[in-house]
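Student: One-letter residues, chain by chain:
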Amino acid sequence: DQQVKQNSPSLSVQEGRISILNCDYTNSMFDYFLWYKKYPAEGPTFLISISSIKDKNEDGRFTVFLNKSAKHLSLHIVPSQPGDSAVYFCAASDPWAGNTPLVFGKGTRLSVIA
Amino acid sequence: DAGVIQSPRHEVTEMGQEVTLRCKPISGHNSLFWYRQTMMRGLELLIYFNNNVPIDDSGMPEDRFSAKMPNASFSTLKIQPSEPRDSAVYFCASSLGQGGYNEQFFGPGTRLTVL
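Top line first, the protein sequences correspond to chains L and C.
Counting from 1, one number per residue, gives the positions in the first sequence under the numbering used here.
Counting from 1, one number per residue, gives the positions in the second sequence under the numbering used here.
Hint data in this document are derived by calculation from the structure and do not stem from the laboratory.
We put the CB at the ideal spot given by N, CA and C, even for glycine.
One or more hints might be untrue.
To be verified - Pulled from the structure, derived: some chain L residues nowhere near chain C, Cβ distances all over 12 Å: (1) R17; (2) S51; (3) S93.
To be verified - Straight-line C-alpha distance at most 25 Å; calculated DMTMM-like pairs for lysine to aspartate or glutamate: (4) K56(L) <-> D31(L); (5) K5(L) <-> D57(C); (6) K5(L) <-> E44(C).
Said to hold, decoys possible - Here are the simulated distance ranges between beta carbons: (7) E14(C) <-> E58(L): 47 to 57 Å; (8) N57(L) <-> V12(C): 20 to 30 Å; (9) E15(L) <-> N51(C): 29 to 39 Å; (10) P79(L) <-> S7(C): 18 to 28 Å.
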């Protein structure tokens with residue numbers, strides 16, 4: 001049973017347009033959500049996060065939106081750039097659960113076409 | 001400031017051979033995680049340690065897999081005997097804390113190919 005789901009394995013977007021990556025989760029105890037970005041031959045790196053007390057967090061071109069009632073979050077990249085082409089992993093955690101690490105989705109491969 | 005260090009970066013071996021992957025976490029971090037990335041299953045958590053103690057190894061696929069953390073600056077993931085289905089990229093990550101609000105820092109990964 002997958003607690004964090006990224007249903008789109010891949011996404012292609014034109015340079016300059018908006019990229020929207022989606023993530024759904026099933027565990028209502030998840031309280032903190034993160035996005036990681038992974039380039040080929042490198043490990044994932046932290047991109048942006050959001051706590052459940054907020055519904056939006058913005059960092060430059062990257063914005064994460066959280067809809068707790070729908071158990072859904074999304075990452076918006078505006079404007080998209082060719083350097084954004086990577087695999088994006090959604091992750092979630094229950095910070096109050098003690099010995100529980102991050103739970104990752106399977107990832108979405110974003111290709112930004114120049 | 002060195003990040004998480006993994007070795008080797010690439011490993012090609014034959015079925016039945018023993019494989020040992022190594023990880024040096026970021027100094028001062030007290031949690032260490034081993035992940036496996038495959039196309040089918042994405043990023044799977046295999047095992048994690050807190051203060052050098054294994055906390056949860058339920059993600060370890062079989063008894064052929066074992067992991068140790070003899071001290072705060074070194075961990076190994078061993079596969080014995082290796083099988084072709086073990087081919088994947090294996091990541092080590094460390095964090096200050098076990099999860100929750102603590103960001104995990106990943107190493108560059110070891111790409112394992114079992115022929």
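Student: None of the hints should be skipped; say for each whether it holds.
Tutor: Here is how each hint holds up against the structure:
No beta-carbon of chain C is positioned within 12 Å of the beta-carbon of R17(L); the least distance is around 26 Å. Residue-level check failed: S51(L) sits 8 Å from the nearest beta carbon of chain C, not beyond 12 Å. For S93(L), the shortest C-beta to C-beta distance to chain C comes to about 5 Å, within the 12 Å cut-off, and the non-interface label is violated. Restraint check for K56(L) and D31(L): satisfied, since their Cα atoms lie roughly 14 Å apart, inside the 25 Å limit.
Proximity of K5(L) to D57(C) is assessed by CA-CA distance (about 22 Å); at most 25 Å being required, the pair is judged to hold. For the suggested pair K5(L) and E44(C), the alpha carbons sit about 13 Å apart, so the restraint of at most 25 Å is met. For E14(C) and E58(L), the hinted distance range of 47 to 57 Å is satisfied, since their beta carbons lie about 50 Å from each other. N57(L) and V12(C) have their C-beta atoms about 42 Å apart, which leaves the hinted 20 to 30 Å range violated.
Hint check: E15(L) to N51(C), Cβ distance near 46 Å, so the stated range 29 to 39 Å is violated. Separated by about 39 Å at the C-beta atoms, P79(L) and S7(C) break the suggested range of 18 to 28 Å.
Hint compliance for this structure: hints 2, 3, 8, 9, 10 are not met, and every other hint is.
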